[in-house]
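Q: Sequence:
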Amino acid sequence: MSFRISLSVISIALIAVSCTHSEKRQGSKSTADNQSGSPRSDTEAKEDVDLSQQPTISEHKLGLLLGPGGLRTAAQLGLLKALSEENIRVHAVAGLEFGALIGALFSEKAQPLGAEWKLQKLKRSDLPSEGLLSRTIKPESVDKLNSFLDKSFLAVRLEAFDVKFACPTWSARGNQLVMEKQGTAKQVIKNCVGFLPYFAANDFVAAPWAAPEAVNWLKEQGADIIVYVDVLGGQSPLKAGTYDDPWSKLIWGQISQALYKLPNVTEKVSLLNSQSEYLSLDSMRESIQAAYQIGKDLSQRLKSKYGL
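Using my numbering, you'd call the opening residue of the sequence shown number 1409 and step up by one each time.
Treat the hints as calculated values from the structure; they're not laboratory data.
Don't take every hint at face value.
The calculated SDA-like cross-link candidates involving lysine to any residue, where the alpha carbons are at most 25 Å apart (straight line), are [to be verified]:
#, residue 1, residue 2
1, K1517, S1579
2, K1559, E1548
3, K1647, S1537
4, K1627, V1571
5, K1676, L1658
Using C-beta positions, here's what the derived DEER-type ranges look like [claimed, not checked]:
#, residue 1, residue 2, range
6, G1582, K1711, 41 to 47 Å
7, D1611, W1655, 17 to 23 Å
8, E1685, S1549, 18 to 24 Å
C-beta: ideal position from N, C-alpha, C; glycine also.
Can you build the whole structure from these sequences, using the hints too?
A: Next comes the structure, spelled out in structure tokens:
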């Protein structure tokens, strides 16, 4: 569903007030005539033209919903880089699962290149790994990310981010969905990214199905142009035959299909890389580069349709 918000047009009216003076002396009349009829300089004329041709500033505000998909979400940085180069301001960001990590890296300073540089520091040892048997996964604590998050965010809080940011998480203790929008970036990201099958259950787990709630939060922040950035294409990010976990495959399949049909967004962009594994570090740079051109195309649409 597209949101169509009419742009307000600001008009500047120049009202000329003329005063009629009684004729007293021929000399005075001649002087007044000469003053009123004196030609305007080229500079004055040019200033009038420049004033009338000032570009209209868009009142639309862009909100991004960064979808889930493990480290496939790294591609979203390519799109963010393209938007930044086209001077399209992002008003608010919501991230689902690992989309929360990408969203937070960007939102802290609104600098996609800096976010990419930090993500390149992520090591294999910072992530859960498969077991000794190729088809077996031993879920690990989300604390595995502590070292990377400490280096990336120090003690910064979401309230200090340059771009408004939030991510949904499921509170096991409260048995409810929570939109994380304040607190230390490290803890918030840990609450929002950990999901099966690689991460063990915790007090908080990622809520990659909570796209409608994330969209509502973006709207509450004033965003009226909502772009969903998908990396799943309606398919599970878990490779078939790589391990024995039918429940994880089923759940991820249902989530990705629901997100693929996500309503109430203005634009949906797919950044698909079928060769990318769920937690693979190998193809991150290539996926970012491939998504960059898609981001350029999106930028042109946003400028053309909404004046962003």
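Q: Assess, step by step, whether the Cα of K1627 is no farther than 25 Å from the Cα of V1571, and give holds or violated.
A: holds, 14 Å
Q: Taking the CB of D1611 and the CB of W1655, does the distance hold inside 17 to 23 Å?
A: Given a distance of about 21 Å, which is inside 17 to 23 Å, the answer is holds.
Q: Do the alpha carbons of K1676 and L1658 lie within 25 Å of each other, as the hint requires?
A: Holds, because 24 Å separates the two Cα atoms, which is no more than 25 Å.
Q: Taken at face value, is the distance from the CA of S1579 to the CA of K1517 at most 25 Å?
A: violated, 28 Å
Q: Lying within 18 to 24 Å: is that true of the beta-carbon distance E1685 to S1549?
A: Since E1685 and S1549 have Cβ atoms about 21 Å apart, the given range 18 to 24 Å holds.
Q: Please check whether G1582 and K1711 have a Cβ separation lying inside 41 to 47 Å.
A: Hint holds: Cβ distance 43 Å, inside 41 to 47 Å.
Q: Taking 25 Å as the top limit, are the C-alpha atoms of K1559 and E1548 close enough?
A: Holds, at about 20 Å.
Q: Is it true that the CA of K1647 sits at most 25 Å from the CA of S1537?
A: Holds, because 15 Å separates the two Cα atoms, which is no more than 25 Å.
Violated hints amount to a single one, hint 1; each of the other numbered hints is respected by the structure.
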